[in-house]
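Visitor: Construct the complete structure from the given sequences, taking the supplied hints into account.
Protein sequences appear in the order of chains A and B. Using the working numbering, you'd call the opening residue of the first sequence number 1 and step up by one each time. Using the working numbering, you'd call the opening residue of the second sequence number 1 and step up by one each time.
Since the hints were made in silico from the structure, they are not lab data. Please note that the accuracy of each hint is not assured.
Identical copies look the same in the list; a pair holds intra-copy or inter-copy alike.
Mimicking DSS-like on lysine-lysine, the simulated pairs with C-alpha atoms at most 25 Å apart in a straight line are [stated by the list, open to error]: (1) K28 to K108; (2) K163 to K200; (3) K131 to K108; (4) K28 to K131; (5) K28 to K197; (6) K163 to K131; (7) K34 to K108; (8) K2 to K108; (9) K45 to K34; (10) K163 to K108; (11) K2 to K52; (12) K224 to K28; (13) K38 to K131; (14) K200 to K45; (15) K2 to K224; (16) K108 to K261; (17) K52 to K163; (18) K2 to K38.
2 protein chains.
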Amino acid sequence: MKFFEQVAAAATRNCSMVCVGLDPDMGKLPEAVKASGKAFFDFNKAIVDATKGLVCCYKPQAAFYAGADRDGELRDTISYIHENAPGVPVILDVKRGDIGSTAAQYAKEAFERYGADAVTVNPYMGLDAVKPFLDYDEKGVIILCRTSNPHSGDLQNLVSGGKALYEHVAELVRDQWNWNGNAALVVGATYPAELAKLRKMCPELPFLVPGVGAQGGSVSEVVKNGATPGWGNLMINSSRGIIFAGSGDDFAEAASRAARKLRDEINSCRA
Amino acid sequence: MKFFEQVAAAATRNCSMVCVGLDPDMGKLPEAVKASGKAFFDFNKAIVDATKGLVCCYKPQAAFYAGADRDGELRDTISYIHENAPGVPVILDVKRGDIGSTAAQYAKEAFERYGADAVTVNPYMGLDAVKPFLDYDEKGVIILCRTSNPHSGDLQNLVSGGKALYEHVAELVRDQWNWNGNAALVVGATYPAELAKLRKMCPELPFLVPGVGAQGGSVSEVVKNGATPGWGNLMINSSRGIIFAGSGDDFAEAASRAARKLRDEINSCRA
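Guide: Printed below as a string of structure tokens:
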């Protein structure tokens, strides 16, 4: 099944637009987990077991595993999700971008070495940087458009021909890069007006929306500006707000409560 | 010693602007090396031994190691260069770009886990994505500006306020992001007019120039448009043209000859 069909099926089954970001950070892990030789995996396993009925997808951020030299635990986490939360797909958040032959190696890394179902990609280098990912037609390719960080406007807001750079990216993805129907956009929750504009421009593209919770984006604004009828075209990511909701022995239950609360808040905004 | 001082010292000592790209690809490795359990490392070791007196820096492309699940050989290659080609710095070509806390993890990956002396970074997300790298003031941070690939103009050539996107990137780096004096630009050899324009805009920034050799960029155009007096502000990368110059048992000698030829060609264009 194609990635976005998987997302829609999981979202429908769990009545959820929630994507849980699996971004372990040794300094923030509960004491009970820290001592383990595979602390990131053990932590993720507990989070997945506690939240798998409440989400439409998971999104591990590769940087946390890379910085901690724990690539094996990233691979094991993705395998664990596939085996123990069947039907819930995994986005590997890598934001890669490089020229053709090199991008092909990164696609191989994400989809074959790690077994991810989707990947985030940076559009700055143009089509060459994105095509090797898009060519995996069963996989999702989620392209940075308007990102949630404070300085995202440094380049993304530059206006050319009456349209901001991020709008040019959205048009490229919508009109030229989506030949396999497997492309989507990253649009930050922290910029609701831009989210509304992009949804109007691209009513059918799925959006991955980070930035609610710790980064301050409003859930109701995201739903109002980004949701469309049905399930699967909006994935609202929360990482720290869910996985670090508790820090004691009951951290998994706290994560489950936080995921349920976010899911229900989203659904009540839709109603 | 700061990265760009290291480059200048190595360039002066070896009379060379050549950067050798260490991009091993199992399908292209000589038969004699392929059989080894650490084929990438053995290949790189032979290339480094044969070229270390002819270069100003090395640039392993992380994607090749990531795609082949050979991260350990990347780390060992960088250590080998530091021990056996002392004073020749290493750029880890990763083109990362992510928000603050995540970029900090990628900086840790490049500079601490792998021990690289410099890194390539993507500017699309703005200052947040670059600052955690720039904060390592001894390390070099080489920011994608005008890349060498065919579709690089998809976004980079969009004109805003009379200037192309890549010119805005150059201005940001020159005027705002270089507070530690450790920033530089990636400018492709395949776009000589843009290279000339950027050199005029940024006479003092070091440029890393990929795209000669297999990608078709002209050495004489690069030197004419990109070089300034002295050593260290131009690093001309060749990967396949050097490391795969030969495919037999004498591959290292062939690489040495190709590196010397490129070095001498560059120097004769400067004269």
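Visitor: Could you run down the list of hints and mark each one as holding or not?
Guide: Status of each hint after checking the structure:
1. K28 to K108: between (31 Å within a copy, 17 Å between copies)
2. K163 to K200: Close inside one copy (14 Å), not across copies (28 Å); limit 25 Å.
3. K131 to K108: within (13 Å within a copy, 29 Å between copies)
4. K28 to K131: Between. Shortest inter-copy distance 23 Å satisfies the 25 Å Cα cut-off; intra-copy 37 Å does not.
5. K28 to K197: For K28 and K197, the Cα distance exceeds 25 Å both inside one copy (36 Å) and across copies (47 Å).
6. K163 to K131: Answer is within; shortest intra-copy Cα gap is 24 Å, inter-copy 27 Å.
7. K34 to K108: between (31 Å within a copy, 20 Å between copies)
8. K2 to K108: within (17 Å within a copy, 35 Å between copies)
9. K45 to K34: Within. Shortest intra-copy distance 14 Å satisfies the 25 Å Cα cut-off; inter-copy 38 Å does not.
10. K163 to K108: For K163 and K108, neither the intra-copy (34 Å) nor the inter-copy (36 Å) Cα distance is at most 25 Å.
11. K2 to K52: Within one copy, since 20 Å is at most 25 Å while 48 Å is not.
12. K224 to K28: Classified as neither; 33 Å inside a copy, 53 Å across copies.
13. K38 to K131: Neither. Shortest intra-copy (35 Å) and inter-copy (30 Å) distances fail the 25 Å Cα cut-off.
14. K200 to K45: Result: close neither inside a copy nor across copies, 38 Å intra and 54 Å inter.
15. K2 to K224: neither (27 Å within a copy, 50 Å between copies)
16. K108 to K261: neither (36 Å within a copy, 34 Å between copies)
17. K52 to K163: neither (40 Å within a copy, 48 Å between copies)
18. K2 to K38: neither (31 Å within a copy, 36 Å between copies)
Going through the hint list in order, the structure does not satisfy hints 5, 10, 12, 13, 14, 15, 16, 17 and 18.
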